[in-house]
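Asker: Build out the structure end to end from the sequences listed, making use of the hints.
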Amino acid sequence: MGLLAGKRIFSIVALCMMVGLLLLPVVVALPSLAIGEETHAGDAAKKDGDKVEKGRDVYYKTEGIVSGAPAPKTTDGVKDYPRYNFESRVLLWFANQQHLYYGSFVLAVPIFCMIIEFMGVVTKDKALAKRYDQLAYDFIKISLTAYSLTAILGGILIFTFLTLYPSFFSYLSGIFRPVMHIYALMFVAESGTLYIYYYGWDKMREGFLKWIHLSMSVVLNVIGTLLMFLANSWIGFMMSPAGVDEQGRYLGNIWHVIHTALWNPLNLHRILGNMAFGGGVVAAYAAYKFLASKTDEDRAHYDWMGYIAMALGVAFLIPLPFAGYWLMREVYAYRQQMGITLMGGLLAWLFIIQATMIGILFLCTNYYLWQAMGRMRGAEKYQRYIKYLVFLLACGFVVFITPHTMVMTPAELKAMGGQQHPVLGNFGVMSAKNGGINVIITTTVLSFVWYMRGNKVSTVSWAKFGNIFMGVFFACAYFNIIFLAVYGYYIPANVRVGLSVPQVATTLSCLFFMFALNSFMMKGAKQMGAIEWGKISARSQYALIMLATAFTWMMALMGYIRSSVRLFWHVNEIMRDNSPWAYTHTVGFAANMISANVLFFWITILFVFWLGSLTAKKVPVESKAGIPGSVPQPAPSH
Amino acid sequence: MKALMSLGALIGVAGLLLLGGMTFDVVPSNTVRLVEGYMPIQLLLEVACFVIGFTGLSYMASAMGMALPRFWQGIGFWIFLMVYLKYRVYPPIPFSVRAMYGTVGLVTVFMWVSANEEDWNKFKQPIMNVLDAQTGMNRLLRYVYLVLIPILVGGFSFNAMMPKSEEPIELRTVHPAPPASTKVHGKTYTLQTSQNPYRVNPEGKYDQEFSNANIVEQGMGRLMKPNANPWDEKNQGYLKYVREGGEIFFQNCHFCHGDNLNGRGLHAFAFNPIPANFTDPGTIAQLQETFIFWRVSKGGIGLPNEGFPWASVMPPWEQHLTVDEIWKVVLFEYWHTGYYPRTWD
Numbered sequence: 001m002g003l004l005a006g007k008r009i010f011s012i013v014a015l016c017m018m019v020g021l022l023l024l025p026v027v028v029a030l031p032s033l034a035i036g037e038e039t040h041a042g043d044a045a046k047k048d049g050d051k052v053e054k055g056r057d058v059y060y061k062t063e064g065i066v067s068g069a070p071a072p073k074t075t076d077g078v079k080d081y082p083r084y085n086f087e088s089r090v091l092l093w094f095a096n097q098q099h100l101y102y103g104s105f106v107l108a109v110p111i112f113c114m115i116i117e118f119m120g121v122v123t124k125d126k127a128l129a130k131r132y133d134q135l136a137y138d139f140i141k142i143s144l145t146a147y148s149l150t151a152i153l154g155g156i157l158i159f160t161f162l163t164l165y166p167s168f169f170s171y172l173s174g175i176f177r178p179v180m181h182i183y184a185l186m187f188v189a190e191s192g193t194l195y196i197y198y199y200g201w202d203k204m205r206e207g208f209l210k211w212i213h214l215s216m217s218v219v220l221n222v223i224g225t226l227l228m229f230l231a232n233s234w235i236g237f238m239m240s241p242a243g244v245d246e247q248g249r250y251l252g253n254i255w256h257v258i259h260t261a262l263w264n265p266l267n268l269h270r271i272l273g274n275m276a277f278g279g280g281v282v283a284a285y286a287a288y289k290f291l292a293s294k295t296d297e298d299r300a301h302y303d304w305m306g307y308i309a310m311a312l313g314v315a316f317l318i319p320l321p322f323a324g325y326w327l328m329r330e331v332y333a334y335r336q337q338m339g340i341t342l343m344g345g346l347l348a349w350l351f352i353i354q355a356t357m358i359g360i361l362f363l364c365t366n367y368y369l370w371q372a373m374g375r376m377r378g379a380e381k382y383q384r385y386i387k388y389l390v391f392l393l394a395c396g397f398v399v400f401i402t403p404h405t406m407v408m409t410p411a412e413l414k415a416m417g418g419q420q421h422p423v424l425g426n427f428g429v430m431s432a433k434n435g436g437i438n439v440i441i442t443t444t445v446l447s448f449v450w451y452m453r454g455n456k457v458s459t460v461s462w463a464k465f466g467n468i469f470m471g472v473f474f475a476c477a478y479f480n481i482i483f484l485a486v487y488g489y490y491i492p493a494n495v496r497v498g499l500s501v502p503q504v505a506t507t508l509s510c511l512f513f514m515f516a517l518n519s520f521m522m523k524g525a526k527q528m529g530a531i532e533w534g535k536i537s538a539r540s541q542y543a544l545i546m547l548a549t550a551f552t553w554m555m556a557l558m559g560y561i562r563s564s565v566r567l568f569w570h571v572n573e574i575m576r577d578n579s580p581w582a583y584t585h586t587v588g589f590a591a592n593m594i595s596a597n598v599l600f601f602w603i604t605i606l607f608v609f610w611l612g613s614l615t616a617k618k619v620p621v622e623s624k625a626g627i628p629g630s631v632p633q634p635a636p637s638h
Numbered sequence: 001m002k003a004l005m006s007l008g009a010l011i012g013v014a015g016l017l018l019l020g021g022m023t024f025d026v027v028p029s030n031t032v033r034l035v036e037g038y039m040p041i042q043l044l045l046e047v048a049c050f051v052i053g054f055t056g057l058s059y060m061a062s063a064m065g066m067a068l069p070r071f072w073q074g075i076g077f078w079i080f081l082m083v084y085l086k087y088r089v090y091p092p093i094p095f096s097v098r099a100m101y102g103t104v105g106l107v108t109v110f111m112w113v114s115a116n117e118e119d120w121n122k123f124k125q126p127i128m129n130v131l132d133a134q135t136g137m138n139r140l141l142r143y144v145y146l147v148l149i150p151i152l153v154g155g156f157s158f159n160a161m162m163p164k165s166e167e168p169i170e171l172r173t174v175h176p177a178p179p180a181s182t183k184v185h186g187k188t189y190t191l192q193t194s195q196n197p198y199r200v201n202p203e204g205k206y207d208q209e210f211s212n213a214n215i216v217e218q219g220m221g222r223l224m225k226p227n228a229n230p231w232d233e234k235n236q237g238y239l240k241y242v243r244e245g246g247e248i249f250f251q252n253c254h255f256c257h258g259d260n261l262n263g264r265g266l267h268a269f270a271f272n273p274i275p276a277n278f279t280d281p282g283t284i285a286q287l288q289e290t291f292i293f294w295r296v297s298k299g300g301i302g303l304p305n306e307g308f309p310w311a312s313v314m315p316p317w318e319q320h321l322t323v324d325e326i327w328k329v330v331l332f333e334y335w336h337t338g339y340y341p342r343t344w345d
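These protein sequences, in sequence, are chains A and B.
Position 195, counted from 1, in the first sequence is what this note's numbering calls 195; the numbers after and before it change by one each time, with no gaps.
Position 319, counted from 1, in the second sequence is what this note's numbering calls 319; the numbers after and before it change by one each time, with no gaps.
List time: in silico DMTMM-like cross-link candidates among lysine to aspartate or glutamate, alpha-carbon distance up to 20 Å:
(1) A:141 to A:298
(2) A:535 to B:119
(3) A:51 to A:63
(4) B:86 to A:412
(5) B:122 to A:380
(6) A:414 to B:170
(7) B:86 to B:25
(8) A:387 to B:119
(9) A:387 to B:118
(10) A:210 to A:125
(11) B:164 to A:412
(12) A:381 to B:117
(13) A:387 to B:46
(14) A:414 to B:166
(15) A:381 to B:119
(16) A:535 to B:118
(17) A:381 to B:118
(18) A:61 to A:330
(19) B:183 to A:573
(20) A:535 to B:117
(21) A:387 to B:117
(22) A:414 to B:167
I should point out that these hints are in silico values taken from the structure, not numbers from a laboratory.
Answerer: Encoded structure:
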């Protein structure tokens, strides 16, 4: 009893420490912030003989006291751009991308752990609870090694900035001085919390202590998310500066500098993106282990692990295009020419590649689910209709990837009779593309519904009505999405943009209503057969690996697009890039660079996985129905 | 079910006969026309009809004990797709886009034939049979492939590497990003916020709704709305300025951009690419009026770097027209095509 009470006290103290660590940066930074600003403003006032100079915020249009130096006007030379005998930008690109990959991974995995640990805590099946707990522990163990790499890569990134772009970094750190200090303190808090969370796992395995442990994961994720928000404020500032005047002088309001036009959309997009990416990486890890497994028990475990990771990743992938749409809308609202450069101009072809990658992600997901139906008896009744889903996906995909600006020879251009193809040109605009992606997502939802009911037959009295209702609901959803996509051509652009709302609402209605209805219908359903974990085709696992590779490739691509949309600006319209590399790379060079980054990441993450496997400990799990490694039974994880 | 499948089979046969006939010029290529305004959705519906038709055909063939092996079904469907894209859609689709569609087609055929284990086994059976070479025929085929495949790969490689005298592919940016502001006749216009000063109601107040309500009907007819005839001398405000814009258009622009604003004017085909087709939903319908104002004022010579290879011969009209005349021409173009300019509210 005494020991238990001691553990409780220890846990509560640990949790309090974490909350304290979370608040520490804010508490420490507040007074320094205030003092810093006053001193700075005071200094400026003294120099100007008590005359306070005021400036106008370039974004918020408010007046503020000039509290910083103007953005430096750099020149091509060793002072502003010291270099080796090759393009400095490529080195920075590489360091940045690798740091971002690992940063995303270590931010996403603790969120997974939190979800999986929670599932383990609330599930009534003790064997399954243990399995979930072990899975979450395995995840965090992997993330711990990746965490060190993230920090190392962060250091490399800062050194690269300091040594190759000193003037720019000096300006940026001058503006973000307090934010960077808070960031550093948050990093300390994140590290402390992560170590307590990881090393306290065994001590807080049961009962009340487990809830305390789970709460720690919440604190850990809050810190991680705030860290990311702070880092996002820097890139948000570079794209859409605020809180400075036209010369780039800081006007004393740090919130304006952080809260730029694109900060919130970037935050949302990155959270969802990180989660989808993390899910993909873990799913690929499980797929690799599945393919390398020697025993049925291992295959069953990794099949299950891959399924869970894929489901979590896809859960965040589905809203990702909508968050991306919001981001682009805000980009257009901020600067029209930036939006056109992205989607209709210089970078438009990269967006077509991005659309292709998004399509591949959804194709892989659907393919995996169809393959997964093969491991449950009774799912055959749905399999013969898969060809129609393939057709719907293909139509949505084709529309989604049709370029507005087609690549062609002058002879083809002449044969076509103009730059716009009268038939396919219609697929190249936003109205059609919204329709395309919504058809793809709705079809993915339908695949999920089929998977969830694959080996079950509803026994509720209203089953027939429910099935007809679901069928009609999906048919109406498809009709509505396609109708709105066509209707979009006949209305003003500002109304057309608004049409995306009912389209998205239709897709999300399918997701939420149909999942809910299906769950009600499948309560107490008759089992047609068991889910035989591990008895899935190897093709499904390659689909998971493809999914993860597409995620990493797309992340690097979008990072490049977001960064290169500034064209020849370090800070858009404030600080010009006067280095010899202030031009946009060719699509081919960018694609090669992205591929090199992806390859390097996968090689290093394999090393991380290998390190994780060195300390792997076998936890005996009692055999019980429904979980991998035991007698195959229907999946309880739906 | 059987009746439905029979109907499907009938559609399949009729579709294939028509496509074959149109491909080999046995029946006129416009037997089933692509209807303007509905072409994109018509295209998808036609392919959907073929899918239904093939399903029916497959069902009927199975019922008659003449089922086509899954391997040939897959290959056949992909070939159909390629033929359809090449010969059905006019004007011809550039190779790059057909290659993209072909790849998607190949991937989806693979997804279909390997969606479950049974289908996958059926699909790969002929390949395995040739590889195993248990019969004389398969053994012969294996030798044929052994010789043929390296020759084909070599041929493709040679063809790809061989220097060509064709004009290179162009990745032209049709709508390059405009500058934040543009200076015309000494006055600076911010493109994000400027408005067409002639988009006004009869009382002379700026009124987007009023002008939107008076554009021509979209579609083939392009009919004027009742009581919205710009050539009616009594009309004031927006419609009066549309008339004035029209006069300027027909004095200066229609020689290249055409009477119907579809880029097929008297001189259009002297250029490659031909002038922009304003009736296409991918041109002015996607842009702010200020974008058009900038493009008209500065012409092809004023295109920014990313507009490379600057394949535009449009003159910088600021040298010939006043600012007011340019705004009125822009007004007329939107009115005539029935499109609304992009706005950000």
